[in-house]
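Since chain A is already given, all that's left is putting chains B, C and D with the ligands on it; use the hints.
Quick note, the sequences are listed as chains A, B, C and D, same order. Numbered according to the working numbering, the first sequence spans residues 144 to 545. Numbered according to the working numbering, the second sequence spans residues 144 to 545. Numbered according to the working numbering, the third sequence spans residues 42 to 184. Numbered according to the working numbering, the fourth sequence spans residues 42 to 184.
Listed next, the in silico DSS-like pairs over lysine-lysine satisfying Cα-Cα at most 25 Å (straight line):
id, chain 1, residue 1, chain 2, residue 2
1, A, K186, B, K151
2, B, K320, B, K375
3, B, K212, D, K167
4, B, K212, D, K142
5, A, K528, B, K185
6, A, K186, C, K167
7, A, K541, D, K58
8, A, K439, A, K212
9, B, K300, B, K324
10, B, K403, D, K77
11, A, K185, B, K159
12, A, K376, C, K167
13, D, K174, B, K376
14, B, K159, B, K528
15, D, K63, A, K541
16, B, K380, D, K167
17, A, K475, D, K77
No lab work stands behind these hints, which were simulated from the structure alone. In this text the structure is predicted, and so the values were computed from the model without any measurement.
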Amino acid sequence: MDINNIRKDFPILEDKTLVYLDTAASSLKPIQVIDKLDEYYKKYGVNVHRGVYNLSFIATEQYEKARRKVASFINATFEEIIFTRGASSALNLVASSYGLNNLTKDDEIIVTELEHHSHVLPWQNVSNITGAKLVYLPLDEEGRITIDNFKSVLTDKTKVVAVTHVSNVMGYISPIKEIVKLAHEKGAVVSVDAAQAAPHTKIDVIDLDCDFLAFSGHKMLGPTGIGVLFGKKNLLKEMPPIEFGGDMNDNVDKFDASWKDAPYKFETGTPPIAEALGLGAAIDYLENIGLENIHKYEIELKDYTMKKLKEIEDIEIYNLTTDTGIISFNIKGVHPHDAITYFDGDNICMRAGHHCAQLVIKWLEVLATLRASFYIYNTIEECDKFVSSVKQARDFFKSVGF
Amino acid sequence: MDINNIRKDFPILEDKTLVYLDTAASSLKPIQVIDKLDEYYKKYGVNVHRGVYNLSFIATEQYEKARRKVASFINATFEEIIFTRGASSALNLVASSYGLNNLTKDDEIIVTELEHHSHVLPWQNVSNITGAKLVYLPLDEEGRITIDNFKSVLTDKTKVVAVTHVSNVMGYISPIKEIVKLAHEKGAVVSVDAAQAAPHTKIDVIDLDCDFLAFSGHKMLGPTGIGVLFGKKNLLKEMPPIEFGGDMNDNVDKFDASWKDAPYKFETGTPPIAEALGLGAAIDYLENIGLENIHKYEIELKDYTMKKLKEIEDIEIYNLTTDTGIISFNIKGVHPHDAITYFDGDNICMRAGHHCAQLVIKWLEVLATLRASFYIYNTIEECDKFVSSVKQARDFFKSVGF
Amino acid sequence: MNNMEVLYRQVIMDHYKNPRNKGLVQDELYKTIHIKNPTCGDDITVQSKISNGVVEDVRHDGTGCSICCSSASVMSETLLGKSVDDAIKIKDAYINMLTNKEYDEEVELEEAVAYTGVRKFPARIKCASIAWKAFEGTLDESE
Amino acid sequence: MNNMEVLYRQVIMDHYKNPRNKGLVQDELYKTIHIKNPTCGDDITVQSKISNGVVEDVRHDGTGCSICCSSASVMSETLLGKSVDDAIKIKDAYINMLTNKEYDEEVELEEAVAYTGVRKFPARIKCASIAWKAFEGTLDESE
Ligand SMILES: Cc1ncc(COP(=O)(O)O)c(C=O)c1O
Ligand SMILES: Cc1ncc(COP(=O)(O)O)c(C=O)c1O
Numbered sequence: 144m145d146i147n148n149i150r151k152d153f154p155i156l157e158d159k160t161l162v163y164l165d166t167a168a169s170s171l172k173p174i175q176v177i178d179k180l181d182e183y184y185k186k187y188g189v190n191v192h193r194g195v196y197n198l199s200f201i202a203t204e205q206y207e208k209a210r211r212k213v214a215s216f217i218n219a220t221f222e223e224i225i226f227t228r229g230a231s232s233a234l235n236l237v238a239s240s241y242g243l244n245n246l247t248k249d250d251e252i253i254v255t256e257l258e259h260h261s262h263v264l265p266w267q268n269v270s271n272i273t274g275a276k277l278v279y280l281p282l283d284e285e286g287r288i289t290i291d292n293f294k295s296v297l298t299d300k301t302k303v304v305a306v307t308h309v310s311n312v313m314g315y316i317s318p319i320k321e322i323v324k325l326a327h328e329k330g331a332v333v334s335v336d337a338a339q340a341a342p343h344t345k346i347d348v349i350d351l352d353c354d355f356l357a358f359s360g361h362k363m364l365g366p367t368g369i370g371v372l373f374g375k376k377n378l379l380k381e382m383p384p385i386e387f388g389g390d391m392n393d394n395v396d397k398f399d400a401s402w403k404d405a406p407y408k409f410e411t412g413t414p415p416i417a418e419a420l421g422l423g424a425a426i427d428y429l430e431n432i433g434l435e436n437i438h439k440y441e442i443e444l445k446d447y448t449m450k451k452l453k454e455i456e457d458i459e460i461y462n463l464t465t466d467t468g469i470i471s472f473n474i475k476g477v478h479p480h481d482a483i484t485y486f487d488g489d490n491i492c493m494r495a496g497h498h499c500a501q502l503v504i505k506w507l508e509v510l511a512t513l514r515a516s517f518y519i520y521n522t523i524e525e526c527d528k529f530v531s532s533v534k535q536a537r538d539f540f541k542s543v544g545f
Numbered sequence: 144m145d146i147n148n149i150r151k152d153f154p155i156l157e158d159k160t161l162v163y164l165d166t167a168a169s170s171l172k173p174i175q176v177i178d179k180l181d182e183y184y185k186k187y188g189v190n191v192h193r194g195v196y197n198l199s200f201i202a203t204e205q206y207e208k209a210r211r212k213v214a215s216f217i218n219a220t221f222e223e224i225i226f227t228r229g230a231s232s233a234l235n236l237v238a239s240s241y242g243l244n245n246l247t248k249d250d251e252i253i254v255t256e257l258e259h260h261s262h263v264l265p266w267q268n269v270s271n272i273t274g275a276k277l278v279y280l281p282l283d284e285e286g287r288i289t290i291d292n293f294k295s296v297l298t299d300k301t302k303v304v305a306v307t308h309v310s311n312v313m314g315y316i317s318p319i320k321e322i323v324k325l326a327h328e329k330g331a332v333v334s335v336d337a338a339q340a341a342p343h344t345k346i347d348v349i350d351l352d353c354d355f356l357a358f359s360g361h362k363m364l365g366p367t368g369i370g371v372l373f374g375k376k377n378l379l380k381e382m383p384p385i386e387f388g389g390d391m392n393d394n395v396d397k398f399d400a401s402w403k404d405a406p407y408k409f410e411t412g413t414p415p416i417a418e419a420l421g422l423g424a425a426i427d428y429l430e431n432i433g434l435e436n437i438h439k440y441e442i443e444l445k446d447y448t449m450k451k452l453k454e455i456e457d458i459e460i461y462n463l464t465t466d467t468g469i470i471s472f473n474i475k476g477v478h479p480h481d482a483i484t485y486f487d488g489d490n491i492c493m494r495a496g497h498h499c500a501q502l503v504i505k506w507l508e509v510l511a512t513l514r515a516s517f518y519i520y521n522t523i524e525e526c527d528k529f530v531s532s533v534k535q536a537r538d539f540f541k542s543v544g545f
Numbered sequence: 042m043n044n045m046e047v048l049y050r051q052v053i054m055d056h057y058k059n060p061r062n063k064g065l066v067q068d069e070l071y072k073t074i075h076i077k078n079p080t081c082g083d084d085i086t087v088q089s090k091i092s093n094g095v096v097e098d099v100r101h102d103g104t105g106c107s108i109c110c111s112s113a114s115v116m117s118e119t120l121l122g123k124s125v126d127d128a129i130k131i132k133d134a135y136i137n138m139l140t141n142k143e144y145d146e147e148v149e150l151e152e153a154v155a156y157t158g159v160r161k162f163p164a165r166i167k168c169a170s171i172a173w174k175a176f177e178g179t180l181d182e183s184e
Numbered sequence: 042m043n044n045m046e047v048l049y050r051q052v053i054m055d056h057y058k059n060p061r062n063k064g065l066v067q068d069e070l071y072k073t074i075h076i077k078n079p080t081c082g083d084d085i086t087v088q089s090k091i092s093n094g095v096v097e098d099v100r101h102d103g104t105g106c107s108i109c110c111s112s113a114s115v116m117s118e119t120l121l122g123k124s125v126d127d128a129i130k131i132k133d134a135y136i137n138m139l140t141n142k143e144y145d146e147e148v149e150l151e152e153a154v155a156y157t158g159v160r161k162f163p164a165r166i167k168c169a170s171i172a173w174k175a176f177e178g179t180l181d182e183s184e
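Chain A extracted, bound-state conformation (with noise of 0.2 Å):
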């Protein structure tokens, strides 16, 4: 794992003070992604499905040559992999298919404060309009979901788990193959968020063993407007579709229509190929390097900062043993916006405030945070320069009487 070599494959980073370092939000695009969008629209842009000429049969077979890339990186079969917008929009189909449909005012759903609001939010909307119970599975006194806290609120009334599998805010790697045996144990299905885990960490749907399972094609080195939806073959083939229109259809009469199977029950229009097609491509890349290589990798460029990082005075961090490249942290006194502004005078890239994740924010009793997320292209060169920008910033702060 040439990091040199990797950084020359992102042409943003041609800029070379730039110190990027808010991959949680979004991942920086390599050329091979890049150029594969360039391909599609210069070569064979047309539409699929629809035609049966030659070009937009190249189309349609790269587009479902993507989506078998994508079930082969999770070990899923071909049928289980539906296209969406975002991870926010497949988690939204799994609450608005299976969650409106099958659940009542006597069931039970559990969720966690270590949600992204759009794997919470959609439960809310299920529990408001079925009358379904949120419950909130209490987390230790770290942030973590923890399996005996599980078995506290897992009943039998359980008829939802969702659960995210890495925290965007806290970095925690939650215990998904466990939570999945006892919820299934109880007849409960698992819906996990892993958009901030794909591009981390090998996922194999099969040794998890859960129900649903989301993420997004910008986190993962691939273009926007692009997320995956995995759901389990019989599970999908009950659901009814959200959205309904063109392509999804079989038979259409004037009172009545018939659905495809899934996935194309599931993806009414013109999908996003090539987007499908940038995700494939960003797949490849990172089985190219290895999950297991970037994982390790981030995991280093993470212990060498946090360890800077605690010997700097008044800098209060929220993670301390997170498990991925995330650190959220704060200068004590200073409002993570007025931090962000000295960071980004430095070329330094990071986030503040709460990260669509309002619940653990407020767990943590503070306003906002920063977040420092570390990915392949990053280096301890740039860790150091980080480190050192948090001391001056704090110094600054300091100086003019925050």
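Here is chains B, C and D with the ligands on its own, set in the frame of chain A:
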């Protein structure tokens, strides 16, 4: 309007033998749009709204600039423009949010057999769920929507009129303005499917006074993965979101949340950023040429071709009076999928099938049709090639015994 | 310029115009599979009657292009009377041939060999295989 | 390398640390506007009391970054006692100044002039304008 210069902008046309007559399914893309995508991914390919650092600020400005462009493209305001995955998704949003929440069993929904599946199936679903009655506007003998026939189905019970602006099979332009006026007199709202109109004619939502209007990027020189829903401000304000999650919310508590105003209320998660920018570039390209010029030129090509096509024996044309660049036809006795392969052999791309509009195909009482559609990059020479290929195809199929 | 003759062989046109074994039967001994390609409108139903490991009858009906309809007829003739094992071998060889995969060239495809030309028209391979896929489905049903 | 001093002027820090006119009142004569930027967490409420065409009082409360909170305080001091017409002039000049548009340089921005540095930080312009926008909202309410 220099067609040769225009053709140079489309990289796919470097293949000089290619005759692309499938724009109604998806248009080709000019280099200006492809370059805009590249610019985003290579220069500031980060997330929007979420960062307060400079790169993210640039991406956000560009994203919202694209929205302003779309707004001015159809004479709407910024807050009335929602970015979606495509026209299908946009039309579904109207049905799911407005339809499901405002209709009851005593109401009526007027639709037409000219509608694309994406504008009839969502209302079938609303009808199934709410009990509202689906009423079909009777088409005239040519297959057109007429005001008289519209009046014959419009009643005090009509709550929604779902009508296509331009039919993707017949190429007819519907009298939207008059329909809207009459519908409003009855207090009904009008949803307009402008997927085939936006690329070809100037749309002015204030002049039309329509309540909702939808179109797709990929049919108007833009990228895949993006569509637009226009909705009148006061209507959007009252409509509930249908997808919940990051970036569409205001405050989030464990059991309760509030939403942002439109358009953000309807755009959860990371939006199709590159795609919005690409759509903006496509609009620049179209406005640079001028929609009026585009329409005039298409009609020129269509008139020329139609005249020649009519002279060929054994050709059945289904829309002799088409108002746009769309011609639907068949070679007598030859299944369109057999015919299409012949054209493909001449590197002429056309579509065969029901064009996601089975109702009008059934209305025509045929199994499927061939469809040729013309656009700015087509030439008179291509029309000649096409006509001559049609003749040869007819001769060939006769010769082998069809 | 256009090499369509490769595709529309005489055999194919013959079966398209005069389909053999066409029309379905109402009989519990038959397994029935219906396959549709909603996009292009091909819509084929295939029935097979298997007894003692032999394909005793194959019926088909439906609508579609010439390649699709003719191949259902050719298939019915080719497989009728074969042992199930042989029928599967022929079907596999045929599908592999169409999709440019390696296939057992020893297997006698009989009239179905007329579809080798389809390989040059990737967009039509589906048309030529849909009836055979349906037949395959009837065997799965029989198990 | 980092020119943050341009942004964090003494005036700004002073108002951030010691906000003037902070805290809301319960009084029907006041118009209240609440503006939030849910993404960054800025959350500001502004109240104004207008009588006889004069800004008799301005109050504010909320949470946010130093630029956001201080500018609410600076605004309140700047506008207090001005005629509504002048207040609007000042507000317009200030917003135009921030967004690098043309503005009437004759208009006396008073302490609000300290925010000229914000122009160098486009991502923070919103922080510096949110309180002023809220004030603008209270005037619309008063009409
Ligand atoms: C008239 C009409 N409406 C809607 C659509 C759906 O557009 P999309 O497939 O981009 O969602 C199309 C395109 O197929 C169309 O022609
Ligand atoms: C954990 C998690 N879930 C879901 C999402 C939503 O992904 P998207 O914005 O791509 O829809 C994100 C990204 O913001 C995330 O970090």
